[in-house]
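**Student:** So the chains spell out like this:
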Amino acid sequence: QKEVEQNSGPLSVPEGAIASLNCTYSDRGSQSFFWYRQYSGKSPELIMSIYSNGDKEDGRFTAQLNKASQYVSLLIRDSQPSDSATYLCAVKVDYKLSFGAGTTVTVRA
Amino acid sequence: GAVVSQHPSWVICKSGTSVKIECRSLDFQATTMFWYRQFPKQSLMLMATSNEGSKATYEQGVEKDKFLINHASLTLSTLTVTSAHPEDSSFYICSARGPLLAGVQETQYFGPGTRLLVL
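First to last, the sequence lines map onto chains V and S.
The opening position of the first sequence corresponds to residue 1 in my numbering, with each subsequent residue numbered one higher.
The opening position of the second sequence corresponds to residue 1001 in my numbering, with each subsequent residue numbered one higher.
In short, the hints are calculated from the structure, not lab data.
Just to be clear, a hint being listed does not mean it is correct.
[To be verified] Below are the EDC-like pairs computed for lysine to aspartate or glutamate, each with C-alpha atoms no more than 20 Å apart in a straight line:
#: 1; chain 1: S; residue 1: K1041; chain 2: V; residue 2: E45
#: 2; chain 1: V; residue 1: K2; chain 2: S; residue 2: E1052
#: 3; chain 1: V; residue 1: K92; chain 2: S; residue 2: E1059
#: 4; chain 1: V; residue 1: K96; chain 2: V; residue 2: E57
#: 5; chain 1: V; residue 1: K96; chain 2: S; residue 2: E1063
#: 6; chain 1: V; residue 1: K96; chain 2: S; residue 2: E1052
#: 7; chain 1: S; residue 1: K1055; chain 2: V; residue 2: E45
#: 8; chain 1: V; residue 1: K96; chain 2: S; residue 2: E1087
#: 9; chain 1: V; residue 1: K42; chain 2: S; residue 2: E1059
#: 10; chain 1: S; residue 1: K1041; chain 2: V; residue 2: D94
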């Protein structure tokens, strides 16, 4: 079983819609969770971090964490073409980050 | 602030040669740096953790004699791919653990990556 699992997509949404991304993880002891955005050919950039159950909002992004279900999600509201990228879920295990395979999002203009 | 650079950004080499990739933290000191490899359509896979002044810690399945890591200063870590073969062609990305952002417990700053093609 992979440590971090994501639907690979692609997820296609119209401009202005909500994109919903899901991630599950296997290590129940994980405490820190991150969402990174990676444009094609570029390195990842951090967009959200979350540490406690519930929702955390930052601009158009909302991260949701449910430790009991070992589930973390990312919502992108009012999706823009510039949001088209691969979104990587990362979980801190010990001192390291373990990444999911990423979900590719395409926002249609 | 908190910029990480990598050099070179692109490298093409012949099979059997060695390639060195540099990772630098430009405006902060990084006692810990990480080296990742990413194949097309796949996720980042941690290869090794590099700690300044000590030996790197390699992930299971990563050959330490093939991927030499040196972290000689607080701002520089190098990855040398020795006797490179076509299957080593990949996107190599380093990150450095740096100044904590407000509300973020673990801040890794990623370099722009180095694309290696072994012919």
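**Student:** Decide, hint by hint, whether the structure agrees.
**Tutor:** Now for the hints, and whether the structure bears them out:
no.: 1; hint: S:K1041 / V:E45; in the structure: holds (17 Å)
no.: 2; hint: V:K2 / S:E1052; in the structure: violated (30 Å)
no.: 3; hint: V:K92 / S:E1059; in the structure: holds (15 Å)
no.: 4; hint: V:K96 / V:E57; in the structure: violated (25 Å)
no.: 5; hint: V:K96 / S:E1063; in the structure: holds (19 Å)
no.: 6; hint: V:K96 / S:E1052; in the structure: holds (16 Å)
no.: 7; hint: S:K1055 / V:E45; in the structure: violated (28 Å)
no.: 8; hint: V:K96 / S:E1087; in the structure: violated (25 Å)
no.: 9; hint: V:K42 / S:E1059; in the structure: violated (23 Å)
no.: 10; hint: S:K1041 / V:D94; in the structure: violated (26 Å)
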